[in-house]
Amino acid sequence: MWRHCGGFRRKLLEELCGWDEQMLAEDTDLTFRVYLAGYKVKYVLDAECYEEAVDSWRAYWRQRYRWAKGHMQCSFKHSLNLLKSNKLTLTQKIDGLLLLGVYFMPVIVLLSWIVGIPLLIFKFSQCSSPFWTVISISLYSTIGNFAPFYEVSVGIYLDGRTRAQWLIPFLALAFLYNIPICTKAFLDLLFSKLTRKNSNRWDKTVHSGSGNSYIIMLANLKQWFRVRFCLQP
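Take the sequence shown: its position 153, counted from the start at 1, is 153 in this note's numbering, and no numbers get skipped.
It should be emphasised that the hints constitute simulated quantities derived from the structure, not laboratory data. Where is the CB? At the ideal position from N, CA and C, for every residue including glycine. Treat each hint with caution, since some may be false.
What the hints assert, rightly or not - Straight-line Cα separation of at most 30 Å, BS3-like style, residue types lysine-lysine; simulated pairs:
| id | residue 1 | residue 2 |
| --- | --- | --- |
| 1 | 11 | 204 |
| 2 | 93 | 42 |
| 3 | 193 | 84 |
| 4 | 197 | 184 |
| 5 | 77 | 42 |
| 6 | 84 | 40 |
| 7 | 193 | 77 |
| 8 | 42 | 84 |
| 9 | 93 | 40 |
| 10 | 11 | 40 |
| 11 | 77 | 11 |
| 12 | 84 | 11 |
| 13 | 193 | 87 |
| 14 | 42 | 204 |
| 15 | 93 | 11 |
| 16 | 77 | 40 |
| 17 | 93 | 77 |
| 18 | 11 | 42 |
| 19 | 197 | 84 |
| 20 | 77 | 87 |
| 21 | 11 | 87 |
| 22 | 184 | 93 |
| 23 | 77 | 184 |
| 24 | 42 | 87 |
| 25 | 40 | 87 |
| 26 | 193 | 204 |
| 27 | 77 | 204 |
| 28 | 193 | 93 |
| 29 | 204 | 184 |
| 30 | 197 | 77 |
Claimed, not checked - Restraint ranges, calculated between C-beta atoms of paired labels, are given here:
| id | residue 1 | residue 2 | range |
| --- | --- | --- | --- |
| 31 | 117 | 84 | 37 to 45 Å |
| 32 | 191 | 171 | 24 to 32 Å |
| 33 | 94 | 19 | 26 to 34 Å |
| 34 | 7 | 119 | 47 to 55 Å |
| 35 | 48 | 94 | 22 to 30 Å |
| 36 | 202 | 17 | 16 to 24 Å |
| 37 | 49 | 166 | 22 to 30 Å |
| 38 | 157 | 91 | 23 to 31 Å |
| 39 | 197 | 86 | 28 to 36 Å |
| 40 | 148 | 47 | 17 to 25 Å |
Could you build the full structure based on these sequences and the hints that come with them?
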């Protein structure tokens, strides 16, 4: 068992030569190695395991940096083997590539801002049709940028945590914060690949044991607004 409420057969782990100690996202690495070996991973929806979130932006940076760099490591390691595998369907290959590329998205967003803002300022209408630009941005935003909001909203609904829904707008701040995190992770990984130096360091996430204190604080703030402005519950 591991922290994310997952289990694996010891015989399978031994067959795959154990954990790769160089990978920062060891769970993702093991998952792809399992699939590439021809095995499957079964999801059990009622096997729940709650996890305490970080309680500071500094801790968030360290945790998400490790996740981003780890997933990027897995992308460099497994993408080609994923495409060449004869044990996966085309749909599974596409799904796997999308998963491996999830932490590259903030980097691509940053590049799009760097390229797009000058185009918007300097005669944007000559570069492309405004109509099709609005259509493409709308479609992408509906499916792409807002995907985390949909995922979290559905998860909160299924879990019955109605008070946590008030935290959903803060995901926008988290996304902006993830842009420099993922960009630094990509540049560091690229530098280590070019110099052939292993600069990986495991920054363990520190947990304070505060649990749901942030939800309680938000509930108290919400109650204060109701009393202060005579709002109906």
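- Query: Hints broken by the structure, by number, lowest first?
  - Reply: none
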